[in-house]
Amino acid sequence: MLPFEYARASAVDEAVNLLAADTGASYLAGGTTQLDLMKDGVLAPERLVDITRLPLRGITRDGDGLHVAALTTMEELAADPTVVEHLPIVRQSLLLGASTQLRNMATIGGNLLQRARCRYFRDPTVPECNKREPGSGCAAVAHTARMHAILGVSERCIAVHASDLAVALVALDAVVHLQGRSGLRSVPLTQFYREAATSPDVENVLVHGELITGITIPFLPAMATSGYLKVRDRASYEFALASAGVALVTQDGTISQARVGLGGVGSKPWRSLEAEQVLTDAPATEETFREAAAAAVQGAWTVPGTAFKVELAQRTLVRALRNISGVAS
Amino acid sequence: MAKALSRQRYAQGARDTPVALSVNGRQYKLHLDARVTLLDALRDHMGLPGTKKGCDQGACGACTVHVNGRRVLSCLTLAAQCDGQEVTTIEGLATPDGPHPLQESFVRHDGFQCGFCTPGQIMSAVALMAEGRAGSDDDVREFMSGNLCRCGAYANIVAAVRDVASAGGADASL
Amino acid sequence: MSLVDTAPVIGAGIDRVDGARKVAGAAAYPSDFNAQGQAYATLLQSTVGAGRIRTLDTTAAESAPGVLSVITHRNMSRLPDGPITALGASPPAPLQDERILHHGQHIAMVVAQTPQQAVAAARLIEVTYDADDPVTNLQDPRAERMDNPWGLDSERGAVADALDTVDVKVSATYTTPDNTNNPLGLFATLAVWEQDTLTVHDATQWPSMARATLAKVFDVPESAVRVLAPYVGGAFGNGLRVWPHVILTVLAARMTGRPVKLVLTRPQMFTSIGHRPSSIQHITIGAERSGELVAIDHRTTSSVAMEDDDYEPLAASSAVSYACPNVITRDSQVRLNIPNPTSMRAPAEGQGNFALESALDELAYALGIDPLELRLRNYAENHPGNGMPWSSKALRECYEVGAERFGWSRRDPAPRSMRDGDWLIGYGVAGVGYPWYAQPCNARATVNRDGSAIVRSAATDIGTGTYTVMTQVSADALGIPLDRVRFDLGDSDMPHSPQAGGSGLTGALATAVQDACGGVLQRVLDLVREDAESPLRGCGLGDVSVGNGRMHRRDRPEEGESYADILARHGQQELTADGTSTPADPSTLGMALAGAFGAKFVEVRVDADLGVIRVARVVSVIDGGRILNEKTARSQIIGGTVGGIGQALFEETVTDAGTGRIANGTFGDYLVPVNADVADMDVVFVGQPDRSTPLGTKGVGEIGLVGIAAATANAVYHATGTRIRSLPITLDHLL
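Chains as they are written, first to last, in this note's numbering: chain W, 1 to 329; chain Z, 1 to 174; chain G, 1 to 735.
These are computed hints drawn from the structure, not numbers from a lab. Glycine included, C-beta positions come from ideal geometry on N, C-alpha and C. Be aware that one or more of the hints could be misleading.
What the hints assert, rightly or not - Label-pair distances were calculated between CB atoms; the ranges are:
#	chain 1	residue 1	chain 2	residue 2	range
1	Z	Q27	W	S154	29 to 37 Å
2	W	S182	G	H73	54 to 62 Å
3	G	A616	W	D281	53 to 61 Å
4	G	A172	W	P127	24 to 32 Å
5	G	S726	W	G63	55 to 63 Å
6	W	S10	G	S726	42 to 50 Å
7	Z	Q12	W	R181	57 to 65 Å
8	G	D483	Z	S166	24 to 32 Å
I would like the entire structure built from these sequences, with the hints used as guidance.
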């Protein structure tokens, strides 16, 4: 790491002002992305503003949904009784991600903002990286891609957004609350991210100094079933090759509501309205699920190393839907 | 990014920051380069080399310690972030009465070979039990998966943890 | 079923003697050592795969905060190469010129007051290259090819003729990728010069060799060099050579006049200390309808570095694995712009066995014969080449015991016939014969005035349990209780020891330890030969027994005395004797020297839709000769099995063409098995003490890994009907 000045904020306003005044400053929360990238030499802020002591903790609920303050850790959110009882898709997406140690450190705000795992992005000695240096090319497209995306990508960049939680949250239409120099705003998570195909170097709508203060997760209807399925090589502690966060409301064998999020395959957490359209008002059968999966991967852009994900993503989605609907193979 | 930084930025000297923390019940007051991780602070500045560096990238779990009672990776934590907090390392597990039951169980079940990952495994296992996740072999396997063991002692690690858990030591935290 | 002979201390599964220290975090690994006034080094590496350094500007780095020295090929001394060791040539000296031979090659070392300063300064070094297109593919026609590099190619009978006339023939190509050893312990070196003496802490598996190498390279007497490795955080072959970064650290210490400490980064662990090379293997097996093997033709190509050697005879074991009259084995290497391959746990065997045991499985299906039955039908009772009886071989028992414990008879022979919900179930088997290996070894034993003992040798314990097992052997040989015996190792000042490698250390060292302990017993007897007060006067070694810190007469066991009494009466503070062992000589023994044997049974579950593969259970039955500690020996097997699961399902070091850069050089990207990947493992030891050594032990450090990949591939075929001939077996091949 290059040298930096360490500062700690005790109030949100203070943190926002510190950053607003200094383009060379960055926030530090759990550190699992920030410090990792600083060690790799990808990030080199002149000042780190530690926000972990800010009063941004706590989970509350009201009629709208669950309000989760941004510094809530992944472990804390997974253990929340409301999440346990009413939002299996969220709980599973959390517990299938990372390791307990990382989940104790990683905050919900930070999880949403995690950066790509791509080893070309994370190695500054690799010149071709449009995410680091717009216009320089994409080494992953040219070389080895397996843990990369097929949706929302192009020859400019195929980096995957690796958060499992974010997949569940876009499926649930979560809203992220921001505080910046110009005040407060709330953004639906489905509109929060940018795709790598268009702007590899700009990943979301945050302006410099804007801080995520919390998220709101709307509840699913009472009769909904939901779940998160993650497919990877080893049994644990690995990012997804493909994953699916799904929710269904089914009445008399017909799906009345469906939510589909895909992970491991999108340059952003991927909400598939295309799949939901096929599912809604259709019979809850494997045939319907397969049709929905085919719709979900329309427009996939692959390189040889990621081509298998087109099939895997579909089968993962089908299995996830089968799992929560009890439809046998 | 790398090219855009000026030569001057690269040539800047270290910025120090005061860090006061409690480790294994003892108070430390340090003045550290802000870049020093909790891992490096323990090993290089506090004379506690029991916590190991296996990757420095948050991928192996060898550096696992407890901060405020929760297991975390010390390689991805700045020492400065732990100002005012309680840290427990492998050196702080034993009591005047003897080793922690998990330490004894690891020896009995041969839950290690080269021993390099062992401090991290044990710190993880102590926390695992406090988290209530030692009730089945599958739970132990899953929730210990953040600690790599290249010697492949996993089966014995699971046996060591389950032995203590089923002996009613499930509440045996620190 | 025969059980291995056990004596009270030998064989018992006693807890590791270094266990208490390890679980307390009190064992000191190379990166844990510090020296007063030490400086910190970091390395800069080439970012092209081939070519030369065109410009190199270190001025900014040299003036960066805290920097003491920047070493490049421009200011690097001409250093002689290290010596030829029992494993072959030393790696070439570093920083000798501007040529780049692989991506990640060390091109500079920066030494500074703090590690952070060194790393920041290294980023200030400006390099440009004249890059060539690196040769990275085994099949690249530009790659220099060497046939029969070690003269081990073999031929018996007439393979081509035989293959023309056989009933059934199976011919296939198998490939294995680069793998990286990746011990958890980051390799580290701390070099301290005091006048012209050098002390080095290093992650070595071979302190005696490291001492000899550093003495030669730095032109000082061996007596002036001390290499210390009391604990090593795993090695798996990485520590068998003195690598360039070690040379550079020692040089930096000499140049700066300060102790210098270097800890490799995890990405550097992929490019600095060796790895398992990739292979392409062509194998043809011909058999009669009855299943009797008629011919085996096994030819391999592996990768090796541009300017280094690596001993990897992949096909050699195929000549001695089965009773087959016609066999050809051919091994070749091609030179690539890659980091220098070197041994990784079960070198050559890990790769070669995958091809042979997969091909045999394919033959079994082609013949309609049970794969286990096929192996038994071609069992080599004696050495298939020279007909000599093996010094020990219980492989048949391994198969029989394993089959029963595994439930092999439950197997429905048809592929894709066994299922549990979404999971397809498959059973696979593989047989293993590990090569015999031994080197000369020395040890020194001391009995102290207080009746305690210290025995030592410059060996290492890389997790294998050497500290413990040798404590047991010493305690048994001296008749002193375990808790009064200490075994020391990891110091080149101690008697010369071979490497912890080749599964050969335990046998060589145990024999040397027994010899040294016997020597001490003789010295005790010499002491009391004329001693009127001693009931042991005039006794020879054959007349006495030992136990409980005492020596007593065989004919009158109540007559004896303690070592403490003897030494006290004779005014001795200690008695010391040196011992040695030399490898068995097959020509004089009239037997074929055998290593360990094993039968591996694997059950896999493959998700019928998602292709996800899980190893559900493994049964490993091992003939390791006399097992010295059943707890640590079992750990060696389960540990090797986990390594085999990694080889089978997860591990592949990917090198990009065009750049020669390793694409996945971190623990997050290079996948080793995690705890949740490892389910049921059953380990059984069978057999008799080996007849070629006094103690009868055969090393079991590597055999745990071999055969797992083939048994897994065979199980995957049985489960799915899809034959995978390349490793790792991943779900994308099964969709």
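Right, here's what the structure says about each hint:
1. For Q27 of chain Z paired with S154 of chain W, a C-beta distance near 55 Å fails the hint of 29 to 37 Å.
2. As the Cβ distance of S182 of chain W to H73 of chain G is approximately 55 Å, the hint placing it in 54 to 62 Å holds.
3. In this structure, A616 of chain G and D281 of chain W break the distance hint of 53 to 61 Å, their C-beta atoms being roughly 41 Å apart.
4. Between A172 of chain G and P127 of chain W the C-beta distance comes to about 41 Å, which lies outside the given range of 24 to 32 Å.
5. Taking 55 to 63 Å as the suggested C-beta distance range, the pair S726 of chain G and G63 of chain W conforms, at roughly 56 Å.
6. Checked against the given bound of 42 to 50 Å, the beta carbons of S10 of chain W and S726 of chain G, roughly 57 Å apart, lie outside it.
7. Evaluation of the 57 to 65 Å hint for Q12 of chain Z and R181 of chain W yields a failure: the beta carbon distance comes to about 27 Å.
8. Between D483 of chain G and S166 of chain Z the Cβ separation comes to about 29 Å, which falls inside the hinted range of 24 to 32 Å.
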